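Make a model of the complete structure from these sequences and hints.
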Amino acid sequence: MKQNWLMKSLMGEKKNLAVCISLDVEEEGLFSGSYQAWNCSVTNVRRLRKLEPLCRELGFPLTLLCTHSVFDNPEARKTLEYMRDTCGAEIGAHLHHWSTPPYDKSSLQSPPLRSEVLSRDTLRKRLEVLLNAGRDFQGAPLECFRMGRWDLLASWRPMLSESGILIDSSICPLRHFAGGPNHFSAPSDPYWVRGKDKLLLEAPITQIPLNGAIAKMWDSLCGKNQYLRDRFHFFGAASANPFWHGPGIMRLATRLHSMRGGKVLSIFWHSSEMLPGASPHTPDEEAANAFLEKIFKFGRWLNENYNVKAITMRELYQMAPDFSFDDYAEDSDNRDW
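Okay, so the sequence shown: first residue is 90 according to our numbering, each after it adds one.
Calculated from the structure, these hints are not laboratory results. These figures come from a predicted structure and were not determined experimentally. Heads up, none of these hints are tricks.
Below, computed lysine to any residue pairings styled on SDA-like, alpha-carbon distance capped at 20 Å: (1) Lys139 to Ala376; (2) Lys352 to Lys398; (3) Lys285 to Pro230; (4) Lys103 to Arg344; (5) Lys313 to Gly268; (6) Lys285 to Asp415; (7) Lys352 to Ala275; (8) Lys194 to Val206; (9) Lys383 to Asn330; (10) Lys383 to Pro369; (11) Lys287 to Pro247; (12) Lys103 to Glu393; (13) Lys167 to Gln227; (14) Lys386 to Arg344; (15) Lys214 to Phe226; (16) Lys103 to Asn396; (17) Lys167 to Cys144; (18) Lys352 to Asp411; (19) Lys352 to Ile400; (20) Lys167 to Arg138; (21) Lys305 to Gly325; (22) Lys398 to Arg340; (23) Lys104 to Lys398; (24) Lys287 to Ala418; (25) Lys386 to Leu147; (26) Lys398 to Asn330; (27) Lys352 to Leu106; (28) Lys139 to Arg173; (29) Lys139 to Trp358; (30) Lys103 to Asn394.
Ranges between beta-carbon positions, derived for each pair: (31) Pro369 to Glu251: 34 to 40 Å; (32) Gly253 to Thr211: 17 to 23 Å; (33) Asp286 to Asn378: 47 to 53 Å; (34) Leu310 to Tyr171: 47 to 53 Å.
For every residue, glycine included, the Cβ atom is placed at its ideal position computed from N, Cα and C.
Written out as structure tokens, the structure is:
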């Protein structure tokens, strides 16, 4: 017993860390400045198979949050079936309201309109169409959700929960989008929020300030200046997103999050970022392969340095009582729905 304790003291006992990896599985267009409303190309989805080593060899299941364009494409559905049935991936919903029926003139706006200017009826119908497409594919209701462009208003949540969504991941801390929601001060670990007649689990992407005091000061100084507040994430934030930060920052974000009491590391990227030519990050096949290796190396580093519990979003919801997540009262978005 003493020898075992001594060895742990000398070697450093690994901390527990739940790791949840989610992808926005979507049409191309995110990085071109031009979105199609329909007849969208989803050729990038086939490249999800390249993540098989991450799932089967390194033990990280994926949560694939899919747009209507993906569910509507026969070839993309085959890839989703393979990832689900062979690699243990979970299927969830990702709402691009501009490319989800029923279409109207708002679908043709580029860049897309923020959701706050759309009617509740329009949003509800498009959410229903998306979830019905997911149910048709999955044979069961979808329970995990992310809103496109992180465009989640607090007034959305009752609509999500009454539609059967149990866990949402539409929050990116330290962001305040022009014309969109202010998520700058959102917690970095999952937390409970009010849905409709029940609680909804919010699972934010892990993006943390390098210095919490500086982040609070910046937030206070910015006042109503949304653009300036949002600039903070370019110089004062760290995340484990492989397309936002390098390996050193990814490891630093993980260590800081864990040291500050973080229980869940939430990692995400876009499926279209994996397609050569579809993103500035991946101009060619060589760059795409380099990013894959970066992801695999980070997965190995996590397994070597932490007692990892790799989970899907649905599993995170099921395990939430064990984590004792806090409740969080967010400011109203002032939308009278």
